[in-house]
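Q: These are the residues of each chain, in order.
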Amino acid sequence: MKSWNNKAWFLVLPVLLLVAFSAIIPLMTVVNYSVQDSFGSNEFYWVGLEWFQEVLSSERFHNALMRNLLFSAIILLIEIPLGIAVALAMPRRGWGVSVCLVLMALPLLIPWNVVGTIWQVFARVDIGLLGYSLTQLGFDYNYTQDTLDAWITLIVMDVWHWTSLVVLLSYSGLVSIPPAYYQAARIDGASRWAVFRYIQLPKMRRVLVIAVLLRFMDSFMIYTEPFVVTGGGPGNATTFLSIDLVQMAIGQFDLGPAAAMSLIYFLIILLVSWVFYTVMTQQDADAESGRGHS
Amino acid sequence: MARIVLNNIAHRYASSATAAGAADSYALKPLSHVWEDGGAYALLGPSGCGKTTLLNIISGLITPSQGQLLFDDTDVSHLPTEQRNIAQVFQFPVLYDTMTVAENLAFPLRNRRGSNKLGNADIKKRVDDALVMLGLEHLAHKKARSLTADDKQKISLGRGLVRTDVNAILFDEPLTVIDPHLKWQLRTRLKQIHREFGHTMIYVTHDQTEALTFADKVVVMLAGEVIQTGTPEELFRHPQHTFVGKFIGSPGMNILSCELAGDEAIVEGCRFALPTRYPALSGNIELGIRPEFIRLVDTGKGAPVIVTAIDDVGHHRIVRALLGRQLLDIVVAEGVAIPANPGVVFETGSIGIYQNARLVSASFAEKTT
Amino acid sequence: MIRRAWIPVLYIVFLMLPLYWLLMMSFKTNQEILSTFSLWPREFTLQNYITILSDSSWYSGYINSMIYVVMNTVISLSVALPAAYAFSRYRFLGDKHLFFWLLTNRMAPPAVFVLPFFQLYSAFGLIDTHIAVALAHCLFNVPLAVWILEGFMSSVPREIDETAYIDGYSFPRFFTKIFTPLIAPGIGVAAFFCFMFSWVELLIARTLTVTDAKPISAIMTRTVSASGLDWGVLAAAGMLTVIPGALVIYFVRNHIAKGFALGRV
Chain G
1 MKSWNNKAWF LVLPVLLLVA FSAIIPLMTV VNYSVQDSFG SNEFYWVGLE
51 WFQEVLSSER FHNALMRNLL FSAIILLIEI PLGIAVALAM PRRGWGVSVC
101 LVLMALPLLI PWNVVGTIWQ VFARVDIGLL GYSLTQLGFD YNYTQDTLDA
151 WITLIVMDVW HWTSLVVLLS YSGLVSIPPA YYQAARIDGA SRWAVFRYIQ
201 LPKMRRVLVI AVLLRFMDSF MIYTEPFVVT GGGPGNATTF LSIDLVQMAI
251 GQFDLGPAAA MSLIYFLIIL LVSWVFYTVM TQQDADAESG RGHS
Chain V
295 MARIVLNNIA HRYASSATAA GAADSYALKP LSHVWEDGGA YALLGPSGCG
345 KTTLLNIISG LITPSQGQLL FDDTDVSHLP TEQRNIAQVF QFPVLYDTMT
395 VAENLAFPLR NRRGSNKLGN ADIKKRVDDA LVMLGLEHLA HKKARSLTAD
445 DKQKISLGRG LVRTDVNAIL FDEPLTVIDP HLKWQLRTRL KQIHREFGHT
495 MIYVTHDQTE ALTFADKVVV MLAGEVIQTG TPEELFRHPQ HTFVGKFIGS
545 PGMNILSCEL AGDEAIVEGC RFALPTRYPA LSGNIELGIR PEFIRLVDTG
595 KGAPVIVTAI DDVGHHRIVR ALLGRQLLDI VVAEGVAIPA NPGVVFETGS
645 IGIYQNARLV SASFAEKTT
Chain X
664 MIRRAWIPVL YIVFLMLPLY WLLMMSFKTN QEILSTFSLW PREFTLQNYI
714 TILSDSSWYS GYINSMIYVV MNTVISLSVA LPAAYAFSRY RFLGDKHLFF
764 WLLTNRMAPP AVFVLPFFQL YSAFGLIDTH IAVALAHCLF NVPLAVWILE
814 GFMSSVPREI DETAYIDGYS FPRFFTKIFT PLIAPGIGVA AFFCFMFSWV
864 ELLIARTLTV TDAKPISAIM TRTVSASGLD WGVLAAAGML TVIPGALVIY
914 FVRNHIAKGF ALGRV
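Top line first, the protein sequences correspond to chains G, V and X.
Reminder that position 3 of the first sequence reads as 3 in our numbering, one-by-one numbering, no gaps.
Convert by adding 294 to the 1-based position in the second sequence; the result is the number in our numbering.
Convert by adding 663 to the 1-based position in the third sequence; the result is the number in our numbering.
Residues of chain G placed beyond 10 angstroms of chain V at every Cβ, according to the derived structure:
#1 Val31
#2 Asp37
#3 Glu50
#4 Leu174
#5 Val279
Each computed EDC-like pair below joins lysine to aspartate or glutamate, with the alpha-carbon atoms no more than 20 angstroms apart:
#6 G:Lys2 / X:Glu825
#7 G:Lys2 / X:Glu822
#8 V:Lys436 / V:Asp423
#9 G:Lys203 / V:Glu397
#10 G:Lys7 / X:Asp758
#11 G:Lys7 / X:Glu825
#12 G:Lys7 / X:Asp824
#13 G:Lys203 / V:Asp391
No lab work stands behind these hints, which were simulated from the structure alone.
The beta-carbon is built from N, C-alpha and C at its ideal position, and this holds for glycine as well.
If we strip away everything but chain G, and leave its shape as in the complex, we get (with noise of 0.2 angstroms):
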């Protein structure tokens, strides 16, 4: 059991003061922001809740919300089995296990902003591989001006970016798993399915929820990648909630909007997160109350 200590705050106090001024009192000007309305400068006027009326009635908003839940569950959709399949074809010892992670790894550690511009010359109809070679194949492709190819393009972005964290993740969760398990799926007669439904899937979980909570955080606040090869174009299609919002403050100036903007973003965020969680660790805690404290 642990301790109880109180003063084990004076060992978490350093992060929690890094913490209130990296995000505590930004979020504070937001929260500020969100309430008032400004004329010039200086001048500062209370609005209420005025803006977050206008941030969720207005229709730029719920398509650009739209977009970005779209475009996390086709993700999910597509990243969370491939990288599970690919996991589980992976060898489990000898030199192939070093290339395959070294390899699979490096787009995880190319920054975002060159992901983007590695995939717009790659795709670029003029001079890309994919979009030349498409082209050449027959296909009517062009990223920058039809919206559905615009949107292949932007997941099989995210994909090539991302799958590989899933990957690393499954791959973890699969070597983890003693060979006894496999030796008594033998004995007992198990198929190729049953093992993975009964042993893998179920030794899985754990990592399974991690990637599926990081994966969609992570696509669901997605800027940079699809800001570089779409700039959220054609028109509107891809303009996500994070391009919107940089728009809107940076772009616009609309401080106030941008601000009840944020929050609402950052909340969803935080629900979906959490009701993703619940659900998947929801057998967990089943089973642990029904174990007791034996």
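Mind docking chains V and X on chain G? Use the hints.
A: Structure of chains V and X alone, referenced to chain G:
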């Protein structure tokens, strides 16, 4: 159920073979052995002696580098595990966490395909039978992950028992994670099941008590080799190897280095009568005598010893004594006085002579002299 | 396992294709890129790299990125270590809420913080300094570091602490001499992820810098738009930003899997 025959089976792991290539790179040295149908066997030996390798060869988890494996008269050397119809219980309980206890037990039956496929009613009946056998009826619909370690291990065992036609049930140190007081219970339950259903059981352990209480026949292994097979009584009476002598019995056999002189052995200058004449033998010659077969007498009537300690272990005492420079354990019954100037007498018929750790059989000795 | 080896192979090919294209482009002249389509350079040139490496703004961009990334890693770890220890060893008033609240910071969209950060650091006169970026990146790296380290620390038996205290070790001496070496792999993993997330982030880094502390990736964007799209130089610049990440992965490759195994990422 089946009679299991090992025909010159040996195994070496791929990496060790390339590294050394020598004879001692075997995890399991060439071995022939017959496990009779319905026998309860224990496979006893220190960790790393090849017990688990041998077990996994029988169940097919490891393919041996050489040799043939027969179930009754069928060669199963190249059959995959799932077709050998073997049950195996591992050191740590293996359960399908997301299933209930009953579903866990039904799992091996549901995996059957083709002509072996069972109907739901059959499956349910067998699962219920297994639950009763193990005394787990009340847990049938609980999630397996919420159980205690010993219940989990019972379910691992149960997955073997549901298959009534199983060829053999193999146990790989199954009681490692079980509380000491439950070990005894579980072992009794195993014994009962064996008596009732007559499965061939092979039980791997490094604990002599477990082996001797469970098995009709004990197979002792050391460094990839079977050094003796026999009933617990035989292992106690006639150890074929000094390791068996020392490993089995508490305290183990006294092993004293000695010289041979016809029908006498000379230990530290004292002469002890042997049951037969031995020829002159080369190598490391030792005399083995169990502490139970040494009597303490007054000096003059036996070889003089110096008592260094006396441990009272309940129904008898263990006297630790020095014979010259060699240590001796002697079991003395309760109520028997320990002489002030003691000497020792060895019971002639219980002495064994070992050449390089292996017993020199009396008949061999007689023939060659 | 052999049968399904084509899945990872295919996946790696998919990962490598865009990078291959970038690499090839970086060895082509801009004229060749625009005029002909070829899978490898017809006229191999290193001119693009020479252009970049001889330009001091590129060079300093690298240094800038490295400085704030290292500063951030050091700050994050040094505050996260004691906090993670507290969370893994003690119960205290509000500990669970505090831990969850820390994690919520990892969920905050950087876009939300861009403007307030700019104002905050302006107020302190920290705009265009390395420390500003390093502090701002603590927003998401400190919670991450605490989380990873707490996982590693919880796997170290508490008895070790107790024995050390009984042996007369003071807390700071125990922490530095005994405990830190025990969780060295955990510190490595945490450092790796701090490095990674600070290195790849651009939005905040770009907003808080003007010239003196401008990160390499931001300089890349600027230069390219200014020079009227010299694709060869752009590709070479991209390749140069890939290299540090590749080096880091190569050196920590044997520890990554272990860090992930704790599920604390």
